[in-house]
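Please take these sequences and the hints and turn them into a complete structure.
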Amino acid sequence: MNVTVNGKRQRIEESCRTLEDLLSRPEWAGKLVIVELNGELAGREVYGETLLSEGDRVELVHFVGGG
Amino acid sequence: MQDPLMIGGVTLTSRLFIGTGKYSRNTLIPEVITRSGSQVITVALRRVDPESSDNIVSHIPSHMTLLPNTSGARTAEEAVRIARLARSAGLGNWVKIEVINDQKYLLPDNTETIRATEILAAEGFVVLPYMSPDLSAALRLKAAGAAAVMPLGAPIGSNRGLQTKELIRILISETNLPVIVDAGIGRPSEAAEAMEMGAAAVLLNTAIATASDPLLMAEAFRDAVAAGRKAYLAGLGPVEETAAASSPLTGFLA
Numbered sequence: 001m002n003v004t005v006n007g008k009r010q011r012i013e014e015s016c017r018t019l020e021d022l023l024s025r026p027e028w029a030g031k032l033v034i035v036e037l038n039g040e041l042a043g044r045e046v047y048g049e050t051l052l053s054e055g056d057r058v059e060l061v062h063f064v065g066g067g
Numbered sequence: 001m002q003d004p005l006m007i008g009g010v011t012l013t014s015r016l017f018i019g020t021g022k023y024s025r026n027t028l029i030p031e032v033i034t035r036s037g038s039q040v041i042t043v044a045l046r047r048v049d050p051e052s053s054d055n056i057v058s059h060i061p062s063h064m065t066l067l068p069n070t071s072g073a074r075t076a077e078e079a080v081r082i083a084r085l086a087r088s089a090g091l092g093n094w095v096k097i098e099v100i101n102d103q104k105y106l107l108p109d110n111t112e113t114i115r116a117t118e119i120l121a122a123e124g125f126v127v128l129p130y131m132s133p134d135l136s137a138a139l140r141l142k143a144a145g146a147a148a149v150m151p152l153g154a155p156i157g158s159n160r161g162l163q164t165k166e167l168i169r170i171l172i173s174e175t176n177l178p179v180i181v182d183a184g185i186g187r188p189s190e191a192a193e194a195m196e197m198g199a200a201a202v203l204l205n206t207a208i209a210t211a212s213d214p215l216l217m218a219e220a221f222r223d224a225v226a227a228g229r230k231a232y233l234a235g236l237g238p239v240e241e242t243a244a245a246s247s248p249l250t251g252f253l254a
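Same order as they appear, the protein sequences are chains Y and E.
Residue 37 in the UniProt record's numbering sits at position 37 of the first sequence; the count goes up by one each step and never skips.
Residue 209 in the UniProt record's numbering sits at position 209 of the second sequence; the count goes up by one each step and never skips.
Simulated from the structure, these hints should not be mistaken for laboratory data.
Check the hints yourself; a few may be wrong.
No more than 30 angstroms apart at the CA atoms, straight line, and that leaves these computed lysine-lysine pairs for DSS-like [as the list claims (entries may be wrong)]: (1) E:K22 x Y:K31; (2) E:K104 x Y:K8; (3) Y:K31 x Y:K8; (4) E:K230 x E:K165.
Keep in mind the model is a prediction, meaning the values are calculated, not measured.
Structure (structure tokens):
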């Protein structure tokens with residue numbers, strides 16, 4: 001299926017069904033991220049049960065240096 | 001001397017807040033924290049870069065109060081969204097509201113900032129709004145539930161000092177709220193001056209991060225903020241138009 005992660009549309013494999021699956025992919029694994037799914041905040045406690053759907057928009061953000 | 005600053009239920013002994021941007025390497029940050037004595041530190045929120053593995057939070061000791069900013073927000077709604085995302089990280093409920101529409105001077109939009117403050121304070125955030133030093137706006141921010149106001153001394157990153165001094169003086173006199181001078185301070189002497197005027201604290205980033213020796217500059221600002229605060233508490237002597245002799249005017253040698 002296709003999802004948009006941080007503004008980039010990408011195809012993900014069938015086995016990647018939940019937010020938890022997406023976050024365990026190598027490019028995101030081990031990073032402290034905050035997740036927004038289709039404009040709604042998704043807390044860590046719901047990653048495992050939140051199913052991804054075709055066309056979902058996912059924002060993965062984290063803290064960086066700033067003033 | 002016990003002189004704590006209470007904000008949002010936290011007792012601070014340091015009146016120097018620092019930022020984490022613009023460091024040549026983020027591994028300097030723990031030592032900057034130690035040398036500055038700071039207890040409050042700002043961070044920003046951005047999309048994760050899959051190519052980078054650096055995590056700014058790993059450089060910040062857990063005793064620090066984290067102050068995420070809403071940089072990038074152009075409206076109250078965008079600031080609220082960023083603040084909620086930041087709080088969901090589970091690292092506290094403080095937020096520096098920063099709503100900016102002016103890309104040349106990065107001046108804050110007070111109207112949108114007041115709206116965001118109302119929403120976020122009602123949700124239990126400890127709200128510290130970055131603002132243009134205007135008394136009406138400061139009083140509205142207070143009514144909206146701001147824990148402090150953070151007027152700019154000069155544009156962000158400009159190192160131009162306390163250009164808005166007279167307006168900040170009015171906020172200090174009239175708001176009965178902690179006034180934290182944020183942005184523009186370039187020199188320790190300017191930080192000291194803000195504190196002498198009665199500012200509750202100062203927030204700096206660029207002045208330390210872009211110094212040739214950021215660690216020594218962190219110490220310089222720590223000392224300046226402490227000196228300025230002591231001078232404020234001590235009460236400055238009167239300013240006179242003409243000389244007022246310090247030595248006795250009688251008993252001169254013939």
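Comparing the hints with the structure gives:
1. E:K22 x Y:K31: holds (22 angstroms)
2. E:K104 x Y:K8: holds (29 angstroms)
3. Y:K31 x Y:K8: holds (19 angstroms)
4. E:K230 x E:K165: holds (19 angstroms)
Figure legend: structure checked against the earlier numbered hints; every hint is met.
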